[in-house]
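Chemist: Keeping their order, the protein sequence lines are chains A and B.
Under the numbering used here, think of the first position of the first sequence as 1, with each following residue one higher.
Under the numbering used here, think of the first position of the second sequence as 1, with each following residue one higher.
Derived by calculation from the structure, the hints in this document are not laboratory data.
Certain hints may be false.
[Unchecked claim] Below are the PhoX-like pairs computed for lysine-lysine, each with C-alpha atoms no more than 25 Å apart in a straight line:
id, chain 1, residue 1, chain 2, residue 2
1, A, Lys190, B, Lys82
2, A, Lys123, B, Lys28
3, A, Lys12, A, Lys53
4, B, Lys17, B, Lys82
5, A, Lys255, A, Lys283
6, A, Lys12, A, Lys255
7, B, Lys118, B, Lys168
8, B, Lys28, A, Lys190
9, B, Lys17, A, Lys364
10, B, Lys28, A, Lys142
11, A, Lys150, B, Lys82
12, B, Lys82, B, Lys28
13, B, Lys168, A, Lys190
14, B, Lys32, A, Lys123
15, A, Lys142, B, Lys118
16, A, Lys12, A, Lys269
17, A, Lys269, A, Lys314
Because the structure is a prediction, the values reported are computed rather than measured.
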Amino acid sequence: MPRLVSHPDEVKIVTSRFGKGAAAIDRYLELGGYEAAKKCLAQGPDWIIAEMKASNLRGRGGAGFPTGLKWSFVPKQNPRPKYVLVNGDESEPGTCKDHLIFLNDPHAVIEGTMIAGLAIGAKVGFIYLRGEYRYLLEIMEKAVADAYAKGFLGKNIFGSDIEFQIVTQTGAGAYEVGEESALMESLEGKRGIPRIKPPFPAVVGLYGGPTVINNAETIATVPHVIEMGAAAYAATGSERNGGTRLFCISGHVEKPGVYELPMGYNLKKMIYEVAGGIRGGRKLKAVVPGGSSTPVLLPAEIENLGMDFDQVGKAGSMLGSGGVVVIDDQTCIVAFALRTISFYQHESCGWCIPCREGTDWLKKSLTRFHAGFGVAKDIDNIQYLAENMMGRTFCPLGDAAAMPTLGFVKKFRKEFEDHLNGKPCPFAKHVELAVI
Amino acid sequence: MSPEKASPETMSLFSPKLAARFDALVQKYPLKRSALIPMLLYAQDEIGYLSEAVIAEVAQRIGISELEVRDVASYYSMLRFKPAGKYNVQVCTNISCMLRGGYEVYERFQEELGIGHKGVTADGIFSLEEVECIGACCWGPAIQVNYEFHDELSPGHVPGILAGYRGKAGVLSDGSSSMGWKARTEGTDPHA
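If we strip away everything but chain B, and leave its shape as in the complex, we get (with noise of 0.2 Å):
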């Protein structure tokens, strides 16, 4: 971590807002630790994965030790331990997505993009996961970019998308995300 990106009260890996936010949130509880999993949630928000870094924060500010920080973020299916891209397209082919041609979605999405499951573009913009259902039966085929949901798919639909979201990554290239990633890996930034 370069010194320089850490705010200077805290030495804190996260931004002063993301870190204020903890504050609160620990004392929402009767016990800290019921803190942990929207912590950690919202750091991989803004670090973009956990990474070692990231855990030994968290571990710290729970009053926890690393290894049960480990233990529980390898139980859930949202929480990464490698940078994802910065929009990672969630394609849905549980059942109901599946019966409306959730399957042709994400096979064209393999396509325009060049990866695979869990892969990551080239240049660090996308990443692709098939995913478990994501509550949008009724209006299937559908799939999360980021946390943001596009509902009644078909493959003609996914160039489109890509396309806007490239556009999106193109303004914001100067780092000032406004959702999900930001370029603030110790060192280990993929899109550098």
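Looking at chain A on its own, in the form it has when it is part of the complex (with noise of 0.2 Å):
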């Protein structure tokens, strides 16, 4: 069972139900649970989107799109059914929040999936989990059957003339389905290849009609705002990122764990005060600051850093899906950046010829390289593989494989050269890198 942790700078927004026994409908509704619904029931669309637009929430899959515009997109008259998606497909290396969320507070995800029905007009909402993920699909499952017996879904939800239905979904193993068009051909029983935009999902989506895709943290935020306040939600984070944000902070850290912090938190505290700074005595080498496919940070450029969508995008990087990867001193970069282009390569749906390419010919050039047989050439040519395929594929994962790269390019060349000419791995402990 996943570890909960507890900070005394974390604001439990969120994370305020984590390990109270909400998976329950009772404990949840004794927890306050379904008002928010009930209050949107009673208010409307326009104003649950107003709400929405002032909370300052935005996307937490990694995008950082703001909530509320995302909703308004949905065009009101359109004669085609309209869906809302909720992608609990979490598999970006680093990130483990979504988990939480769909074991401790179920009832989140499903309140949030209505509100966001009410706001665009949908009656039918899909919550789509990792394969990976079954215990929690059984819970999500669970929790669903229960809302329907209690009467808060199905045909009249709340007694009203509103209908709103809920599908459970699971995945069978693809990192590319997370990304929103792929999710949806995965949704129709199709390979997970992304579609080509526009049309943009808000206006031809699901089985062709209008939908709203949502992370499942962003979807478990939703009551929240709506019980708090936009304004106050909006006033917990920093300027245009409302909120707080569950920050997964791993690898060499004393206290690894799902820490919910606002949104522009300083990432240095995060890393040294919440997380207990860098196991065993080490220095810090490097951090990832939003998941693999975030350029890596070096410590002196987290000084003054703010953890939210702005200022990380300022400091050359993104705050991603939130998985905060820490590196001590005494890890390969090189090794660390062939485990993260393995991933890519293995995950790329091979549709996009620069992807496709690109990721394999990274791939083999950083193996060789790093089991010694690289020439200085090759610092060059990993660089130049990873410019060409920038902008140019259909979906975000060819950029989500090349960005990292060139940062470790870029920013540990010296640590690249160490390995030319036949000289091994200037670590100790030399990581034998298993071909996957």
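Given two chains presented individually in distinct reference frames, assemble the corresponding complex, making use of the accompanying hints.
Modeler: As structure tokens, this is what we get:
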């Protein structure tokens, strides 16, 4: 069972019901559950969307798109059925926050889905969980069944004349399906190949109907925004970045865990105070701030870095999915870069050539390089390959593979050079990387 | 497929419970085909892998060709066309787990089981896989055995984990497996 952690700096909004047995519907109700949905039912769609806009809640999947704005893009007059699709395909390396949400507060996901449905006029919501999360799917399925039994879901939600149905869905192992259009393809029973945009899902989405797709954390946050009020929620975070975020701090820290901290919280403090500093009294070498696809940051770059979408963007990286991966000074960056690119090579769907070929060549080059058979030209070649993938693919997976690679080569060039001329890896503990 | 193993009314390969689950599943979506991926995974949980017969029956139930089923199934890394062990050990070696010793854990499993990536032990009890991130990054190194997570591991935990599943395999050798695998493949049961 995943351990829950705590730190005094945490502001527990999304995690406020964690560890309190809220997966049981009666307990969820005792803790104030489903009040937000009832309020939204009374207030109507325009009010909900205005609240979401005012809350400055931005998409927690990685792109940070404003949630209220996304909902407002769904055309009101459209003959096709509308859908809400919750993305619980959590697969970005370094990210395990949705895992805890499904485990500890499944009804928050259901309630958030209902509210999104009320806002856009959808009658059906789908909650898609990655295939590996079977035990969490079972928890979600039980929660959905309980909500139906209480009359919260179905033809007449809370006794009103409004219908809302929720269907849970399992994936079967594919990182790419976390991309919104690939997710819709998967839900339609196909290979998870991204769609060409436009049209965007808000206009033509699932089964051809207007669709809102939100990350599971975003959706689980929605009832809290309604409950505490948009202004109070927005005030918790930093400028244009409302509220809190579930930061998954992993790697070489003393106290890894998922911590809920206000947007804009200082990254250095997050590592040294919240997560207890670097394991074994070692030194920080680098930190990946938002899941494996975000460019690495050096210790000097995190001194005054507030963790919100805008500040991390300015620092040349991305806030991404909230997966903070901390790397100590005994780690080989070439090995780390190779493990990162091996993942993207494995997960590339193969549709766009720059991604399919690029990730493959990068993996080959880095494998050879790390084994001590690299030549000086390889370093520039790795950079050149990555640069040529950027912005040339239909979905962000190509960029997700290229961006971290560029970061490693540019910021740790010396370490790459130290691997040259048949020299063994300069780190005593050589990591033998198996080929997946 | 031996006739006595199929449910008599439908000649289905699946247990009556699973067949009923499929019947309910296809009703849930605007398009029947949306049931395809869950159906394949649930079928695999019961039968052990996507055999020719499983693919044929799923294709027939959804109303698409076997080729289309294969096309989709080959995309998803959890779906397999060959039997795995009764307990499929999946070791995450992605970055967060790697930094905390995921490879050392994986190596220990290789040594203890005497098999490598996608290998199956001779007794059919275990198979081993090196897998991508399983969403347990803050509790790494982490593994999954079938769908069960084991967190915060070190190589020293490996023999105990394997002994636990070996014990379970003994208890459930009558085929009354509660999760995952069940020996009902069509004459190709590797554990018979």
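Chemist: Work down the list of hints and note, for each, if the structure agrees.
Modeler: Okay, the hints, checked on the actual structure:
1. A:Lys190 to B:Lys82: holds (21 Å)
2. A:Lys123 to B:Lys28: Satisfied, since the Cα-Cα distance of roughly 13 Å is no more than 25 Å.
3. A:Lys12 to A:Lys53: holds (21 Å)
4. B:Lys17 to B:Lys82: Within the cut-off at roughly 24 Å; holds.
5. A:Lys255 to A:Lys283: holds (15 Å)
6. A:Lys12 to A:Lys255: holds (18 Å)
7. B:Lys118 to B:Lys168: holds (22 Å)
8. B:Lys28 to A:Lys190: The hint holds at about 17 Å.
9. B:Lys17 to A:Lys364: Violated, because 47 Å separates the two Cα atoms, which is more than 25 Å.
10. B:Lys28 to A:Lys142: Distance ~16 Å between B:Lys28 and A:Lys142 Cα, so the pair holds.
11. A:Lys150 to B:Lys82: violated (43 Å)
12. B:Lys82 to B:Lys28: violated (30 Å)
13. B:Lys168 to A:Lys190: violated (36 Å)
14. B:Lys32 to A:Lys123: holds (18 Å)
15. A:Lys142 to B:Lys118: violated (33 Å)
16. A:Lys12 to A:Lys269: holds (18 Å)
17. A:Lys269 to A:Lys314: holds (19 Å)
Of the numbered hints given earlier, the model fails hints 9, 11, 12, 13, 15; all others are met.
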